[in-house]
Amino acid sequence: MLLAVAAADQAAERPAAATCAVREVHTKVRGSAGDGAPPERTVYRFVLGCPGGYPAELKEDRAVAAVGARIRVAYDPAHRVSPSWRARPPRGRPPRGPQP
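Letter by letter, the sequence shown follows residues 45 to 144 of my numbering.
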């Protein structure tokens, strides 16, 4: 089930993009227990300062930026899917400007 949700999230449209300032970076190590459990992983939560106030945060499994950096964030204004730090142009449209 989780794999299906993750695949749907990755494939979803994020028709809007904004350049946001990274205000804070928080890390949390997700542990595991028992034999055969998946390895520990670190989740990074970035508190953002974006025009209009959304998206306000971004969660990734790697450190994509440091505090003070400006990153391009793709998002769905209808909030159907989580924001993504890699701004991709909507299908059928060429990218505008440099992409991270």
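No wet-lab data here; the hints were simulated from the structure. Careful, some of the hints might be misleading.
[Claimed, not checked] So the derived label-pair ranges between C-beta atoms look like this:
no., residue 1, residue 2, range
1, G80, A122, 12 to 22 angstroms
2, A77, R114, 34 to 44 angstroms
3, A100, D79, 32 to 42 angstroms
4, P95, E57, 18 to 28 angstroms
5, A81, K103, 18 to 28 angstroms
6, R114, T86, 40 to 50 angstroms
7, T63, R89, 17 to 27 angstroms
8, P95, G75, 33 to 43 angstroms
9, A77, A113, 14 to 24 angstroms
10, A107, P59, 43 to 53 angstroms
A virtual CB, placed ideally from N, CA and C, is assigned to each residue, including glycine.
Hint-by-hint comparison with the structure:
Under the hint 12 to 22 angstroms, the C-beta atoms of G80 and A122, about 39 angstroms apart, miss the expected range. Roughly 39 angstroms separates the CB atoms of A77 and R114, a value that falls within the hinted 34 to 44 angstroms. Checked against the given bound of 32 to 42 angstroms, the beta carbons of A100 and D79, roughly 39 angstroms apart, stay inside it. Here the CB-CB span from P95 to E57 is close to 20 angstroms, well matched to the stated 18 to 28 angstroms.
Checking the proposed 18 to 28 angstroms range against A81 and K103 shows it holds: the Cβ atoms sit about 21 angstroms from each other. Remark: the range hint 40 to 50 angstroms for R114 to T86 is contradicted by a beta-carbon distance near 23 angstroms. In this structure, T63 and R89 meet the distance hint of 17 to 27 angstroms, their C-beta atoms being roughly 19 angstroms apart. One distance hint, 33 to 43 angstroms for the beta-carbon pair P95 and G75, holds here, with the actual separation near 37 angstroms.
Against the hinted window of 14 to 24 angstroms, the Cβ-Cβ separation of A77 and A113 comes to about 35 angstroms, which falls outside the hint. With their beta carbons about 27 angstroms apart, A107 and P59 fall outside the hinted range of 43 to 53 angstroms.
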